[in-house]
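S.K.: Protein chains in written order, with UniProt numbering: chain A, 1 to 530; chain B, 1 to 530.
Worth flagging that the hints you see were computed from the coordinates, not collected in a lab. Just so you know, not all the hints are guaranteed correct.
[To be verified] List of simulated lysine-lysine pairs, DSSO-like, C-alpha gap at most 30 Å:
{"no.": "1", "chain 1": "B", "residue 1": "189", "chain 2": "B", "residue 2": "249"}
{"no.": "2", "chain 1": "B", "residue 1": "364", "chain 2": "A", "residue 2": "249"}
{"no.": "3", "chain 1": "A", "residue 1": "249", "chain 2": "A", "residue 2": "323"}
{"no.": "4", "chain 1": "A", "residue 1": "515", "chain 2": "B", "residue 2": "249"}
{"no.": "5", "chain 1": "A", "residue 1": "117", "chain 2": "B", "residue 2": "515"}
{"no.": "6", "chain 1": "B", "residue 1": "364", "chain 2": "A", "residue 2": "515"}
{"no.": "7", "chain 1": "A", "residue 1": "337", "chain 2": "B", "residue 2": "249"}
{"no.": "8", "chain 1": "B", "residue 1": "364", "chain 2": "B", "residue 2": "323"}
{"no.": "9", "chain 1": "A", "residue 1": "249", "chain 2": "B", "residue 2": "337"}
[Unchecked claim] Restraint-style ranges between C-beta atoms, simulated for each label pair:
{"no.": "10", "chain 1": "A", "residue 1": "64", "chain 2": "B", "residue 2": "506", "range": "37 to 45 Å"}
{"no.": "11", "chain 1": "A", "residue 1": "202", "chain 2": "B", "residue 2": "432", "range": "21 to 29 Å"}
{"no.": "12", "chain 1": "B", "residue 1": "64", "chain 2": "A", "residue 2": "62", "range": "54 to 62 Å"}
{"no.": "13", "chain 1": "B", "residue 1": "379", "chain 2": "A", "residue 2": "386", "range": "51 to 59 Å"}
{"no.": "14", "chain 1": "A", "residue 1": "11", "chain 2": "B", "residue 2": "284", "range": "49 to 57 Å"}
{"no.": "15", "chain 1": "B", "residue 1": "64", "chain 2": "A", "residue 2": "413", "range": "22 to 30 Å"}
Using N, Cα and C, we set each Cβ at its ideal position, and we do this for glycine too.
Below, each chain spelled out in residue letters.
Number of protein chains: 2
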Amino acid sequence: MHTTPVLIAGAWRQAAESGRFQPTNPSTAAAISRTYPVSDWRDCEAVLEASAHAAVALRSYPAESRARFLELFADAIEASTDALCALAHEETGLPVQPRLRNVELPRTTGQLRTAAKAARDSSWAQAIIDTAANIRSMRGPIGPVAIFGPNNFPLAFNGVAGGDFAAAIAAGNPVIAKAHTAHPGTCHKLASLACQALDRAGLPAAMVQMLFAISREDGYRMVSDQRLGAVAFTGSRRAGLALKQIADKVGTPFYAELSSINPVVILPGALRERGPELAEEFAGSCLMGSGQFCTNPGLIIVPASGDGERFMAHCGELFDHAKPGTLLSLGTEQSLKQAIALLREAGATLVSNASDTIEPKPDKSRFCLPNTLLCVSGQRFLQDSVVFQTEVFGNAALMVVSENHEQTATILRTLEGNLTGSIYSSTTGVDDEAYDGLAPILRERVGRLLNDKMPTGVAVSPAMNHGGPFPASGHPGFTAVGVPTSLIRFSKLDCYDNVRHYRLPPLLQDENPLKTWRSVNGNWTRDPIN
Amino acid sequence: MHTTPVLIAGAWRQAAESGRFQPTNPSTAAAISRTYPVSDWRDCEAVLEASAHAAVALRSYPAESRARFLELFADAIEASTDALCALAHEETGLPVQPRLRNVELPRTTGQLRTAAKAARDSSWAQAIIDTAANIRSMRGPIGPVAIFGPNNFPLAFNGVAGGDFAAAIAAGNPVIAKAHTAHPGTCHKLASLACQALDRAGLPAAMVQMLFAISREDGYRMVSDQRLGAVAFTGSRRAGLALKQIADKVGTPFYAELSSINPVVILPGALRERGPELAEEFAGSCLMGSGQFCTNPGLIIVPASGDGERFMAHCGELFDHAKPGTLLSLGTEQSLKQAIALLREAGATLVSNASDTIEPKPDKSRFCLPNTLLCVSGQRFLQDSVVFQTEVFGNAALMVVSENHEQTATILRTLEGNLTGSIYSSTTGVDDEAYDGLAPILRERVGRLLNDKMPTGVAVSPAMNHGGPFPASGHPGFTAVGVPTSLIRFSKLDCYDNVRHYRLPPLLQDENPLKTWRSVNGNWTRDPIN
Chain A
1 MHTTPVLIAG AWRQAAESGR FQPTNPSTAA AISRTYPVSD WRDCEAVLEA SAHAAVALRS
61 YPAESRARFL ELFADAIEAS TDALCALAHE ETGLPVQPRL RNVELPRTTG QLRTAAKAAR
121 DSSWAQAIID TAANIRSMRG PIGPVAIFGP NNFPLAFNGV AGGDFAAAIA AGNPVIAKAH
181 TAHPGTCHKL ASLACQALDR AGLPAAMVQM LFAISREDGY RMVSDQRLGA VAFTGSRRAG
241 LALKQIADKV GTPFYAELSS INPVVILPGA LRERGPELAE EFAGSCLMGS GQFCTNPGLI
301 IVPASGDGER FMAHCGELFD HAKPGTLLSL GTEQSLKQAI ALLREAGATL VSNASDTIEP
361 KPDKSRFCLP NTLLCVSGQR FLQDSVVFQT EVFGNAALMV VSENHEQTAT ILRTLEGNLT
421 GSIYSSTTGV DDEAYDGLAP ILRERVGRLL NDKMPTGVAV SPAMNHGGPF PASGHPGFTA
481 VGVPTSLIRF SKLDCYDNVR HYRLPPLLQD ENPLKTWRSV NGNWTRDPIN
Chain B
1 MHTTPVLIAG AWRQAAESGR FQPTNPSTAA AISRTYPVSD WRDCEAVLEA SAHAAVALRS
61 YPAESRARFL ELFADAIEAS TDALCALAHE ETGLPVQPRL RNVELPRTTG QLRTAAKAAR
121 DSSWAQAIID TAANIRSMRG PIGPVAIFGP NNFPLAFNGV AGGDFAAAIA AGNPVIAKAH
181 TAHPGTCHKL ASLACQALDR AGLPAAMVQM LFAISREDGY RMVSDQRLGA VAFTGSRRAG
241 LALKQIADKV GTPFYAELSS INPVVILPGA LRERGPELAE EFAGSCLMGS GQFCTNPGLI
301 IVPASGDGER FMAHCGELFD HAKPGTLLSL GTEQSLKQAI ALLREAGATL VSNASDTIEP
361 KPDKSRFCLP NTLLCVSGQR FLQDSVVFQT EVFGNAALMV VSENHEQTAT ILRTLEGNLT
421 GSIYSSTTGV DDEAYDGLAP ILRERVGRLL NDKMPTGVAV SPAMNHGGPF PASGHPGFTA
481 VGVPTSLIRF SKLDCYDNVR HYRLPPLLQD ENPLKTWRSV NGNWTRDPIN
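Working from the sequences, and respecting the hints, build out all of it.
M.R.: Spelled out as structure tokens, the structure:
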């Protein structure tokens, strides 16, 4: 029996397989009747070799052709909305509406089109021209990019269609996508659309390749391969750190999103002023998408006060009254259960789900757990701050009750790197002194600092930072979301010293026909050089 | 007996020492009568703790104060030119004139002043403002930077005064400098001047700290410390890779300059056109500073032809006629001798120094070896390309005789990442086809691509790239030379999402009083936001 073919060097072909797998429908916990191959090293070798050739070939294609491909791909995704949403829903349990159809799919096509615009305009490449020394530099392609996408965004972060994909392609690199084994059908459909769009855009066929699954050992071997220019990984901390160590050893940039608990600090004045409103905001943000977001608020710090107690009780009620969403996989359910158990063993107590219905599950026919709000005192948190920073991926959060601002500052100082950190304060200014003491500490530990706002909702803005100090990501200087900044990850700094003018990339020649923003002798300009 | 004190938290104090060392004068091979301490972990702990506090404190100082410090420091270095050059000459053997006084010292003060200008203007921080979403980002300080400087630039790359230092400070970070044990007196003098300038500029005293030496184990422990924001290392590949592995594990950006052989390709038309001129250029670049430059041309590829043979013979003569310079240390002499022996064992033969005078040395009273030009056939090179890429740090180079452009292409494909790569071609265009085939291969492997120019002479230009694919450096997206781009290494991406206007850093507020270049809604502008 044949399995679904893999995409290598522009052709769909039977995998050189070492095994097979079937995905599961999270809404029914039943297997889906499609079979996918686990590729062995022969397939890995083939995609690496083809991508290395494509990388060199790509250097002679104009940016316009990449832009055209990204737009054709976006159009094709839109035209397949029904099929893609049905597949993604079947494989992830995420609701078709509004989540997949109205939010994630438009975000995916929007990212592809914004990346197309960035590629066409080329301002992202930050050309720097020193006319006196005749030294010119720009960001050039880094080489083939291997992308390992996450389970929680089957479209918008998919290895073969999502933000990393769009950025790597726009920056001029071939992509080797590893499909996520939880949603291989969605990946297959997206890769088919990409393949057709590539053909229409006239780009090298090996610019987009995809394998469904590979063994852990082959994953390590691939990441250590010198033909790769970079790796993008979004997923579990354990798997990510193992791959990162290998990439680091061979000096290959490894852009990872590993884990984040996204601390939220509620200051006393804000709580007094608008406690019930904040409870709704927090519960909504925390339970949205069953809490399966990288920027889910997993740690919320509230004052030990009557206001704090009322806030906590209110949040508990909201958690209890909301219907638990479906989780992405049995693995997600199990990890969540384990993480909650770990926090409880360390001393956290249940605020919501007080009757402790984790066993039995609320609904046996699907992957899910009760919404779970836990709480712990600031003092206890500080005694075991590493354990209490365990990422609880799913519809759960930990509330820390802090004695005073000094304790809150101490708590913030113990935090690992995070993607985001939020501080809510009173509109009257009564919290401003506390804010001034806490914000600089939080600033050091997060990529994105928010005021009066929950961290979910990662706008695709050029000013966005979806990254942060380790272990939130692998390097605090890069963002995975926000075009054009996200493209920088997949570039190297290419300097041309005394290179003859006719041999320079068009972007560095005097004429500047596309009116690209360039830094010429220290000033940003779209003008040609006279 | 007391040793020279170390600089911790603004005070010169006796080290908590685990040992002592004396530097050596390379021009006489005699010990210098000054004693310096090897600090133990207590000193490391003290500098780490003080720098962590300074990092937070620094966030509330205006960029102007950092600019002022850098300028005062540059002034102080200039005022101490005689003393600094005398010390540096004594400890490194580099000539006072022109090298130290006329080249390296002015470069050092120039770098400090350019960094000051960048700090003051703040355009380097690449503020990105999305007014519609009210998301604003910029490059903020990354945290305390530990700098391990190299032996070959006692001033311009010194950990307490050089390019990394200037960039780290300008970006708003405290520096922990590890002096180089080959020139501790120079480091001591520079740190004293820095300390006085800090005091006059009114900055936190722990912004600049220095230890003379630490054990290897304490070096590893320091690099793994979470209080560090980044590490900058320039030195041997072995030591650098060991430290990099530790930094990688804890997710601390490690900016390294590890090794580079800087391939130079001479195409047939160029050789025919101006062979003797190119021989002079190559020998001059290769022997300058006894070849002890990161961008020293260590691998030169020439055609197998009569022109090629004449070129080789000419270069050999130039090597033989030039007086061998003094090497930086006994270690440098020994490494050079070993590397030459390694290449000869692998099959390279002597072009210069044909009578093989490596033993005995040309001059017993100082550290030196004969100028050494080796050659090997392209075929032999390809059989052992890893060994033939051994960095031969010093007054030596390997000439590869290539059969044809195809073999040259194959040779270039085997190359590791390098800082630079040069191609010389005819001015008539006869080499253009060969260039077009070779340049894209070389482009992928180097940070800076040159035409008709030797790689030594690293201009401090905003368009410079002194970096390259691994193992030339740790990440191909960053440069160690060229303000303001070199500052980016020591920054993290700080995003402000919905942060109240009065709480934003001045650089992100609407007013833009310093007319800093910012990207506002996709356009670079110095205007305020209305």
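S.K.: Confirm or reject each hint.
M.R.: Do the hints match the structure? See the list:
no.	hint	in the structure
1	B:189 with B:249	35 Å, violated
2	B:364 with A:249	41 Å, violated
3	A:249 with A:323	46 Å, violated
4	A:515 with B:249	43 Å, violated
5	A:117 with B:515	28 Å, holds
6	B:364 with A:515	62 Å, violated
7	A:337 with B:249	28 Å, holds
8	B:364 with B:323	14 Å, holds
9	A:249 with B:337	28 Å, holds
10	A:64 with B:506: 37 to 45 Å	40 Å, holds
11	A:202 with B:432: 21 to 29 Å	26 Å, holds
12	B:64 with A:62: 54 to 62 Å	44 Å, violated
13	B:379 with A:386: 51 to 59 Å	57 Å, holds
14	A:11 with B:284: 49 to 57 Å	53 Å, holds
15	B:64 with A:413: 22 to 30 Å	29 Å, holds
In summary, the numbered hints that this structure violates are 1, 2, 3, 4, 6 and 12.
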